[in-house]
Structure formats: C-alpha cells, structure tokens
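The residues making up each chain are set out below.
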Amino acid sequence: MVAENVGFGLGLRPEHFEEIAASPGKVSWFEALSENYMVPGGNPLHWLDQIRRDYPMALHGVSLSIGSIDPLDKTYLDELKALAERVQPLWISDHLCFTGLRGMNMHDLLPLPYTEEALDHVADRVRRVQDHLGRRLVLENVSSYVTYAASELSEWEFIAELAKRSDCEILLDVNNVYVSAFNHEFDARTFLRAMPKERVRQFHLAGHEHRGTHIVDTHDHPIVPDVWELYAEAVRLFPDVPTMIERDANIPPYAELLDELDEARRIADGVRGEAAQKAVA
Amino acid sequence: MTLVSNAGSLADLQRAFQDYLLASSDGFSAAVRDTKKIDRVTLLGVYRDAYTLRLIEALTIDYPGVMAMAGPGDFDYMARAYIAAQPSRHPSVRWFGKGLADFLATTPPFDGSPAVADMARFEWAMGEAFDAANAEPITADVLMALPPEVWETLTFTVLPSLHRLTLTYDTPQAWQRRDEQQAGDLEVEEAAEQTDWVIWRPERLTNYRSLERDEAVLLDALIEGRPFPELCESIVELVGEDQAMARAAGLLRVWIEGGMLASFAH
Numbered sequence: 083m084v085a086e087n088v089g090f091g092l093g094l095r096p097e098h099f100e101e102i103a104a105s106p107g108k109v110s111w112f113e114a115l116s117e118n119y120m121v122p123g124g125n126p127l128h129w130l131d132q133i134r135r136d137y138p139m140a141l142h143g144v145s146l147s148i149g150s151i152d153p154l155d156k157t158y159l160d161e162l163k164a165l166a167e168r169v170q171p172l173w174i175s176d177h178l179c180f181t182g183l184r185g186m187n188m189h190d191l192l193p194l195p196y197t198e199e200a201l202d203h204v205a206d207r208v209r210r211v212q213d214h215l216g217r218r219l220v221l222e223n224v225s226s227y228v229t230y231a232a233s234e235l236s237e238w239e240f241i242a243e244l245a246k247r248s249d250c251e252i253l254l255d256v257n258n259v260y261v262s263a264f265n266h267e268f269d270a271r272t273f274l275r276a277m278p279k280e281r282v283r284q285f286h287l288a289g290h291e292h293r294g295t296h297i298v299d300t301h302d303h304p305i306v307p308d309v310w311e312l313y314a315e316a317v318r319l320f321p322d323v324p325t326m327i328e329r330d331a332n333i334p335p336y337a338e339l340l341d342e343l344d345e346a347r348r349i350a351d352g353v354r355g356e357a358a359q360k361a362v363a
Numbered sequence: 659m660t661l662v663s664n665a666g667s668l669a670d671l672q673r674a675f676q677d678y679l680l681a682s683s684d685g686f687s688a689a690v691r692d693t694k695k696i697d698r699v700t701l702l703g704v705y706r707d708a709y710t711l712r713l714i715e716a717l718t719i720d721y722p723g724v725m726a727m728a729g730p731g732d733f734d735y736m737a738r739a740y741i742a743a744q745p746s747r748h749p750s751v752r753w754f755g756k757g758l759a760d761f762l763a764t765t766p767p768f769d770g771s772p773a774v775a776d777m778a779r780f781e782w783a784m785g786e787a788f789d790a791a792n793a794e795p796i797t798a799d800v801l802m803a804l805p806p807e808v809w810e811t812l813t814f815t816v817l818p819s820l821h822r823l824t825l826t827y828d829t830p831q832a833w834q835r836r837d838e839q840q841a842g843d844l845e846v847e848e849a850a851e852q853t854d855w856v857i858w859r860p861e862r863l864t865n866y867r868s869l870e871r872d873e874a875v876l877l878d879a880l881i882e883g884r885p886f887p888e889l890c891e892s893i894v895e896l897v898g899e900d901q902a903m904a905r906a907a908g909l910l911r912v913w914i915e916g917g918m919l920a921s922f923a924h
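Same order as they appear, the protein sequences are chains A and B.
Per this note's numbering, the first sequence runs over residues 83 to 363.
Per this note's numbering, the second sequence runs over residues 659 to 924.
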C-alpha cells in the first residue's frame, strides 16, 4: 500500500464524544458517519470539529447509493463535498450497493446483481463521483442475504474489476466477507485473495448475529473468533492497511471498544511478527 | 405484481427489490436463490423487516414523548402507518420523522388523539433546534449604543434554531416527565387555553419556555421582520397605547439577554 497506514481506529459515536475529547490518544483515528454530520450546526458538528482537532478522521457514508438506477443526488454530493472540506478526511468511503430509487431511501445497503450491466453502470457513476469530489472513492463490500439468479460474476470478481475500471479503492469489511461467505456458501479466503493488493485502503471489523441458517450483519455484538481468524488472514495478505471497528447498535462503553481494538492490534502484530521471522529465516 | 425473470435488467431488479421492501409486490422472490440451508423468502424477510424496524427505531429516538404517551404497541402501529404513508426520501434517516405531527393530526384514527400530535410537534421542533445552524446572539450593549433615530427602522432576526409553537395541551410539562412512568402511561392534560411557546438554542443547550400572549404577538411580529414602531403597535390592543413601547423595549431586552436574537438592521 502506497498510502500511509494510520493504524487502528474506531467509529465516532455520540455516546463516546465526551470521553474521546477528555482522553485523547487512545486510538489513532476515527471514522465519522457522513450523514450524521450533514446538519446545519449544533452539538454534532461541535463534537466533530473538536475531536477532529485531535485525530485524523475518515468519512464513511451510507446513502451515496452508488449502484442505484436513480440519477446521482447532486445535493447529497455537494453536502458531502462541503463536509469533506470541513473535515479534511483521510479518505471518503461508502458502500457498493444501492439504497433506493424513485427518490426514496430504504436506509439499507441493498446488494447489486453482479452483472456486466451493473459493472458498467457502477463504474461510470464511481468515476463521476470521484470527479465531483476531486478524490478517489473507497467502496466497501456489503453483507448480503440473497444471491441474484442473474449474477454472472462472483462478488470478488465484481469488486476487483470495478476497482480496475473506475480507479476506486476498497474498504474491505472482514466481517461482511465472513457473513456473505456463510450466507452464500463461498470460501471467504477466496474472496480475500481476489482483492487487488494495491487498492485495499481500509479494513472494517464488526460483530454480527448468527441465526443458524444465516447470519445477519447487526453491528451490535463483539467480533467473533472466526472473524478474528479471517482478519489475521487479511492482514497476512494486506499487511499495511488501517483497521477500524464498527459498532452501530448496543453501543458498549468506550473502554470496551478500546479493549477490542487492542485485540486487533495484537493479532496484526502477531501476523507481522510471523512475516518478519519468515523474512529473517 | 411485478414479475422478474432470472435475467432481469439492473433497473427491473432494483425496482422489484424496492417494491418487495415496501411490501407492494412479492415478485422479487423469483429473482433470487434459495440456499442449501434456507429458503429465499426467509432471507428476503431479513431485508423487509430491517427496513421497517430501522425506521421505527428512528421515530423512537426522535419521539420519546410520543412513545411515553402511546406505549410500544400503539407506537409500533402508528409508526408502521406513517412509514407506509410517507416513505423516507432523504439521505439521512434524521429527517424521516419530519411529517409525523401533521400525519397524526390529519389521519384517522390518530386524529382522535390530538394530544399525541401536539407532543410530536413539540418534539420535532426540539430536534430541529438541536442541530440548527449556529449563530452568535446579539448583546444589549451593541443595541444601547445605537442613536435614537435608528429605532424608527430597526428590525431584528431570531436565531436559526428558534421555533414558535402554539400548543393545545400541557405538552412540554408532560415531556419533562417522559421517563418517569412506564411507556404508555404518560398523560397530557389539555391546557386551560392554547399556550404559546418558544424553543431556541443560544449555544449548545436547547431552551424552551411559555410566552405571555403579548410576548407571543410581539415575537411573531419581530420574526415577520417588522420595524420597532410596528412591533410596538402590534401589542397596543393587549397592553394599551401608553404601555406598548415600554413593554416592547422590556421584552426585547429579555430576548437579547436570553440569547434569542441573531442580528439587527436599520
């Protein structure tokens, strides 16, 4: 990875604003949810500005709807650009999905069919968004629960090809790979190995809810051992990529997330130690 | 019903998927696969349930007072009716609940409980004040330094966060008690007469208080951008000609000291 590895970060959540501001230096960076700060003023922007003074920050959106057949939302893109000017983020990410059409927003990350038609459509929109923002976009693989009969490519082929055609980067959500691999019965390691090394910009880690026959990506639990194991594999493949833990519901105390982040550090250090030993041997 | 073949175009598939979430058509199920472990309808149910539950959650966060009045069962019923009537059209779920008070006030059976619409109106205004644009309130000393002739044409603007409400029920008083009772038990008394309220956020904390009738009339005239002499005139009927100017000047001072005014011009 050419870009700097900013290390280990957390999602910026209002429940932790005061503690973060009172105890700087516990994490290396934060990821702020773009839409939460597309407001005129008040407390959210107050804390965003204050915490930004102490930490590098990435912006992570949920409503770009890069795959939608609706026209790109110019107002949304302008607001995102204005927010980026305020935050000067490390990078701007969103999800490889669509979130609605006919002007509606389902507020969910709906998977796309992995077809040539979709690939052309999304690649064109990514290029236009990148032109508008004046920077590369970072797109995240989503957890999904259904597979389209129409899909012609695997998800990993689709993502790798999209990155190549549109010159975007990849936010590799290790939990989402795990969830989708279980749900759609593919090998998670095949997915990881197919990601173009130079384009993986960030890792996400999160918890989920296992329902026996399928897994739902709830982001409301600690990370499970299988996902930690897959994370180790991801670090083996992409050793210099920043890691971040996402918790969106059932938000635990800040200290608990810091402990979970220490586990990520421990695993990544272990993997890098192995690699260094191999190199010496 | 939208029928979708296995080889549906991107547009067909997206339309069918969204229609499935909105429960207006089940045709999308033909476009996705069962897995070895589970059938596609159960998997699609994850999306359909999540769509509704996410929006109900957003309303629960924005309307704790309505929840305290309605209780979880009635709140859920009300929220589902609102979601069906007014799907979200904004990139942020933050704005989804904007139309709830009007919906409750005009849609049977909810229009039979006007206190709930009153609560929704109050809570939405509080939410809007919370993250409205910031503005530095003006201070009294700047105004005191103005030469007397300026007052003939002097106009004011209020903070962007300032909202004026007229409520029929003792909604703000009940809202303060929203966490004290079990959800569903919060009772809201009808006020002796309609009461005027103002909500505003001078810095980071949102304030609200009731207004005397003459104060409400004067504030509304100020918000309309009328100059100081007309502000005085607006309350002549209520306080008498001889008291109007003194009362107007006194209230201006109260608002400035409370951090409600953003700017003046002359």
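If you are wondering where the hints come from, they were derived from the structure by calculation, not from laboratory data.
Just so it is clear, the structure is predicted and the values come from calculations on it, not from any experiment.
We treat Cβ as the ideally placed atom computed from N, Cα and C, and that holds for glycine.
Some hints here could point you the wrong way.
[What the hints assert, rightly or not] Listed below are several chain B residues computed to face chain A (Cβ distance under 7 angstroms; list not exhaustive):
(1) Gln676
(2) Ala791
(3) Pro795
(4) Ile796
(5) Ala841
Indices of hints not satisfied (ascending):
Result: hints 3, 4 and 5 break, sorted rising.
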